[in-house]
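Visitor: The lines below spell out each chain.
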Amino acid sequence: MADREERRFAEVPRESIRLMAESAGVELSDDVAALLTEDVCYRLREATQNSSQFMRHAKRRKLTVEDFNRALRWSNVEAVCGYGAQDTLPFRPIKEGDLFFVEDREVNLVELALATNIPKGCAETMVRVQVSYLDGKGNLEPQGTVPSAVQTLSDDLLKYYQQITRSILGEDPHLMKVALLDLQSNSKIAALLPYFVYVISGVKSVSHDLEQLNRLLHMVKSLVQNPYLYLGSYVRSLVSSVMYCILEPLAASINPLNDHWTLRDYAALLLSHIFWTHGDLVSGLYHQILLSLQKVLSDPVRPLCSHYGAVVGLHALGWKAVERVLYPHLPAYWANLQAVLDDYSVSNAQVKADGHKVYGAILVAVERLLKMKALSLSVNAEGGIGGLPRPGGIMGCRESSPGLSPPPEPLSEPGLGIASHLHAGGAGCPWEDWTPVPLPAMYCELYSFFGDSLAVRFSTGPSLGNSPPAPLAQPPTTRKELPGGTANLDTARKMPQLTANLNISPRQDGSPHGEQGGGVGSAGASQSLARSSSSSSVQRSRSSSSRPGQRPSGLSRDVFPKARFNPLPAGPPIFSFVIGGRQMGRRCQGRRFQTTFTPSQPLSAVSSRTYAHKLPVIGRVGKPVRRWTCSQYSLHLPL
Amino acid sequence: MAAVQDAPVEADNEKEIKTETLNDAAGNHASAAGGVIPSPPVASTSSSGPAKAGGPGSEEQQTLMAVLQFLKKNNFVGAVDVLRREAGILEDSDESQGQELAASALGGAEAGDATCTLSRASSCTTSTPAVAAAPAKGGEDQPDVNVVLSAYSQQGDPALYQGYYSGLKKFVESVLDCHRAELSQLFYPLFVHMYLELVYNNHETEAKAFFEKFSGDQECYYQDDLRVLSGLTKKEHMKGNETLLDFRTSKFVLRISRDSYQLLKRHLQERQNNQIWNIIQEHLYIDIFDGMPRSKSQIDSMSGSLAGEAKREANKAKVFYGLLKEPEIDVPLDDEDEEGENEEGKPKKKKPKKDSMGSKSKKQDPNAPQQNRIPLPELKDSDKLDKIMYMKEATKRIRLGPESLPSICFYTFLNAYQGLTAVDFTDDSSLIAGGFADSTVRVWSVTPKKLRSVKSAADLNLIDKESDDVLERIMDEKSASESKILYGHSGPVYGVSFSPDRNYLLSCSEDGTVRLWSLQTFTCLVGYKGHNYPVWDTQFSPYGYYFISGGHDRVARLWATDHYQPLRMFAGHLADITCTQFHPNSNYVATGSADRTVRLWDILNGNCVRIFTGHKGPIHSLAFSPNGKYLASGATDGRVLLWDIGHGLMIGELKGHTDTVYSLKFSRDGEILASGSMDNTVRLWDSIKAFDDIETDDFTAATGHIHLPENSQELLLGTYMTKSTPVIHLHFTRRNLLLAAGAYNP
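Residue numbers (our numbering), protein chains in the order written: chain A, 15 to 653; chain B, 2 to 747.
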C-alpha cells in the first residue's frame, strides 16, 4: 500500500495530556504522561470507531458530536457536553501563547429564553409525494437543488434559463413582464437559483445602464416573491446586489439626466422587502446592512448620491433603523450637507441639487421617525387604543407642558453626545450601549436642523393618504405639530422655512431647483408665503391660547385647503418645496439658504427631460446603446 | 462493548492477567505442550484435573474455596459470611486454603486460576440448567477475555515472525497457479494472529514493523479490520476490543481443496515451521474438499466476512422455503358481509370450496413447511376482508418485466431536520411511518382518510353498541389529522414496522427497547426490554403476532406481542445485528450483521440454518423474494448479493450503487428487484434473469462453488435519481407501483 506512511492516526501530544492533568490538579511525570497519551489516543480511536455505527444507522454521511457521545455513553464514559451545535466551531490560535482553542462565546440565556423572534425556518415535518418516474421513464439527469456545474442542468432548465434572461434583459417590455411573472410563480426553478443570483450579481458590470439595473432589480423582486424558492444563503448575495444599487456611485449617475434616484428608491424598497420576508435566513443580516449603510453615511468622501442611498435605505428599513443610525449621525453629517447647500457657485450647481435630494430624503426619514416614535409611545402608554390621531394628543400634552417646551439649543446637547459616540464606535458599533433618545429631545434636536419644514411635513404626512382632515377641526394635532405656537414673524425669520407648493396642473413652475444665487425671491415661494401668512392669522386666533409666545407655522394650513379643493383620488398630489431662511443649527448659525426640491416619493412625476436644458451636462447624453447590447451578453453565463 | 459486561468483572480480569503472566514467566509452556485450548470448557476440565486427584472431599472443599474467593474479590461480603457459616469453614482455614488453592492452581498451570475452577464450580452449585449451560457452552458467545487471550501466551522469537511470514509468502508464490489463489487465503488470518501474538507478548516495535511490512499485502476488503488492528499496539488494548475477541473466539474458516492442503502441509513440515503450523491448528478451521481448486474470483466472491467463509456443514440443513397455503377465501362478488359470517365459526383456512381464487395454492408446496409448524394466529374477520381486498387489487396488478418497468413515486420527508432514520409503509400503502433521531415516531396517512383515534373510555360508554356503524362511531372525529406523533423512546428510532393488520406499529430505538404502539389510540402499549444495547432493527412477521429484533448485543430475539420476554434468542453473529427480515412463510428469519454475514434462523428450534458470506461490509438491508426461494442483501459497499436459500448458494452479485444500500424490495411477483441507496438513486434489477442465468449442476450444488457471471450491467434495468434525497425505504404497492421514501437533505 502506497499510503502506508500517511495512515497515521490523529494523536494527542504528551504536552496536552500533561496540561489537562495539571488543570485537574495532577502532576504527571514524563513516562506516566507518555503511557497515558498512548492510551488516550487508543481510547479515542476506539470510541470513534464505535461512534461510526451510530452514524450508519442514522443513515447519515456525517459523523456528529451526538454519535460520539452515544458511543461514549454505551462504553460507560461520561458524554462531552457543549459541542452539539450545528454550526462549525471556530478553532482559534492565541498568538502569544502558542495556544489553540475552540471559541466558546457566552450565551445570554435570558435573552435566549425570552426571544420572540422564533425563526420561521423550522417548519413542520411533513411528507410530500410526487410521481418521479412514470413507467420507469423519466429524465436521468439529477434534479438536485444546487448543481455544482452547469453541465448538470437539464436541457429544459437550460432553455428556460436562457429564455428568461434573454427576455428580462432584452428590449421587449412585454416579454420582460411575462418573464418576471413566471419567475415569480414558477415552482420548478430551484436548480436555477444560483444562476439567476449570478446574473443579478452582474449589476456591477452594468452600472452605467439604469434600464438594465432596473430590470435586474425587478428580477430580484420576482425571485424574492416566488413562494417555491428557498433562497437560503443566496439572500446575502441578493442583498449585496441590491445594496450596490442603493449605495454605489453608479456610472449612470454621472449623467444628471439619468434618474438614478428612482432606482435607489426602488432598490431601498426592495431591500426592506427582502429583509422583512427573508431576513431570518441569514443571521446578523440586519446588522450587516445597518453597518454598511452607516459606513457610507459617515464617509464624507462618498458622493451625495451614495449618501442619499444610505438615507433611503435606512428609511426603508424602518424608523428604528433611522433612529439608530441616521439620527445620531445627523449633527456630524449636517455640517457637510450644509456646506454643499451653501455653495452657490455655478460649478457646484449639480452637487447642490444632489444635496437637496439628500436633504429631502433625510427630512422624510426623520419625519417618519418622529411619527412612528410618537405612535409607539402612545401605543405603549394607552395599550394600543390610540389610533392615528392619538399620538398627536399625547405629544400635544408633552409639548405644552412648560418644562419640555422646545428651547432648541440646550436640549440638543444629549443628541450630540450619542451621535459622537456612535461615530466613534465606527464599524464596531456597540449596539448594546445604545440608549434611545426621548422623543421630545429628539424632536428638539431635529427641529434645530430642519426648523419648520419638519413640522409641515409632520402634519401633512398621515392625512395625505386618507381623507384630508378639516384644518380647523383638529386642535390636538395642531398642538403637537405646531410647537412654534404664536410667535412673531421675526423669530420665524431665523428658522429655515419650507414652503409647500402644490402643483395642480402637471406643468412645472419651471424652476424646481431655484435659480442659483436667488434669495427668497422665487415667485411660487413668495406667493405661498403670502398665502401662508394670511391663513396663519386665522390659525393663530384659534391656537394662541394654548401656546402663548410661540410662533405658528401656518404653512401646513397652506397645504390643506388646497388639497381639499382638489381631491386627487388617483394619487398623492405633487409637491415641490422651497426651503428658505436662516439655518439655526449649531454649526451654521444664521446662515441663509434657500432651495427648492421635490420630495422623494413622487419623483417619477418629474421627468428627467425637464432638467435637461437647465443644467450643465456632465458625462454623456443619451443612451449608450451599443454598450447596452454588449452588456446584455455579458450577463449570460458562458453556457 | 458487549463482551465486557460490567466493571467488577473487568477489574477481576485485570488481576487474572497478571497471575497469568507470572505463569508464563515461570517458563511453563504447558498450553503449548498440551496442544490446543480452543475453548474455556476444555481448559476448565484440565485445570480441575489435579484437584480431582485429591479425592472427592478435598475437591468439594476446593470448589467452595473458589466460590469464596470469587465472592471476596467482588466484595460480596454478606454472601461470603453466609456461605462460610453454612459450610462451617473457619476464617483462618479459609486463608490457608486459599493459599493452597493458589498454589495448586499454579501447579496446574493450565491458564490456571480461580475463574476456571469457578466456571465449573458455579455450574455445580447453581441449579438452573440454563445457567449451567451458559459457562459450558458460552465460550463461543461470551468468552472470558482472559482465557481467550491466554492462547497467545506462547512465546516464539519475535524477530523470526517476519521470516516465518515471508517464508510462507514465498512458498505460496512459488506453487502452481491453481493452488496459489487458495493458499493465499491463509495470509490474512495468519497475519492477524501473528500480529496479535506479538502485541500480546509485549513486542510492540516488532509488531509495528510486522504490520508495516505486510499489511499492504492483504485484500482490500479487510481494510476496515486492519484499521482497527493497526490502532491496537498494547496488550492492555486487547481487552475489551470486540473485533479482536470476535477474531479469536471464532475459528477463521477457510475452504481449501485437498491438493492444496497437502501441499501446504508438506511445506510446513519440511520447514519445521511450527509457529505457523500452531496457528493453523489452533485458530483456523480448514474445510477441506475434494475436487478442483477454486479460482481467485470464486474465492473472492465468498470471502470478506469477519470469520472467513461458512463451513459447508453450516448450510446443509434443510430449509422449508416454500410458502404456506393461503387460506381459501371466496372472493364474494356482491355480498361481502355474508361470506364473512359464514367463515366466522371455523378455525381458519382449508375449507374446500369450489371456485376459490387462491387456485395457485391448491396444492401443498413440497418445499413448504407444515402448515402448523409454528403456531400462527387465526384470521380475524377484518383480516379476511383485507385478504379479499388484496386479491381484488392483485387482479389489477401490472405485470412487470424488463419491458414494462414500474412507475416510481417518491415520498419526500421535508423539514426533517431532526434526522429521519427509518421508514415503513403498510402493505396496502395507506399509512407511512417514520422514525426520527429525536426519538419520535410519526405516522402519516397517505390517503385522504385522516388518522383518527378511538374516543376515551367515558365517551365510548355512551355509544350505542348495537348500531351498524359502531366501528365508525367509536372514532373521535375531533382527533382527525393527517399525521400523529408518538412519543416514548429516549433515543433515535432505528426501525419501524407496521403489523399486517395495520392496528399496531413497532419501533426500536437506541434506548434498548422495542415499543408496540396502537394505531387505534396512538399510544404505546408495551415496551419490550431485553436488548440492553441499541436495537438496530425490528420487523413484524407477515402473519402478525411474532416479531424479530436485533441490535448491538449481537443477539436477535423473537418476540410475541403478548409476551414481555422473548420466545427465542438467536446468538451467533460476531458483530452487531444490523437488519432483520421475516421469511414470507414466517418460519424463518434472516439477520444481517456488521460481521458481514447473513444468517438464516429457524424459528421452530432456534437453529442457525444458513450462513451466507461474501459481503465486504456491514449488511444494511435484506429482502426475501415473494416465493420465498431467494434472499437479497445489500451492504455498505454498495453491492447487492442474491442467495438461493434452498441450496445455500450465492447466485448473483449486483454492482452499481456507490454507497450503502439501505433498502431492497422485490416486486409483488418477484420479477424486479428494486434497491435504494445512500447515493440518491433507486435501481431496478432484472431478478428473473439473475435467477435463471445461474446454472447449478450437482457439483456446484454440493460444494457451493458457484461461478458468478459478471452481468450486473445486463441485469440493471434502470437507475433513477432522486433530488438529493437518500433512499431509505422501498415498497411495492399491491398493484406494483414502486414507492420510495427518504428525507430531503439540502
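Some clues are possibly wrong.
[What the hints assert, rightly or not] Chain B is faced by these chain A residues, among others (derived, beta-carbon under 8 Å):
hint : residue
1    : Thr139
2    : Arg142
3    : Tyr258
Hints listed in this document are in silico derivations from the structure and should not be mistaken for laboratory results. Glycine included, C-beta positions come from ideal geometry on N, C-alpha and C.
Visitor: Holds or violated: is there a CB of chain B closer than 8 Å to the CB of A:Thr139?
Guide: This interface hint holds because 5 Å falls under the 8 Å limit.
Visitor: Closer than 8 Å between Cβ atoms is the bar; does A:Arg142 clear it against chain B? Give me holds or violated.
Guide: At about 5 Å, which falls below the 8 Å cut-off, the nearest Cβ of chain B leaves the hint on A:Arg142 intact, so it holds.
Visitor: Is the hint on A:Tyr258 kept, meaning its closest Cβ partner in chain B is under 8 Å away?
Guide: Since chain B brings no Cβ nearer than about 27 Å to A:Tyr258, farther than 8 Å, the hint is violated.
Figure legend: structure checked against the earlier numbered hints; the only hint not met is number 3.
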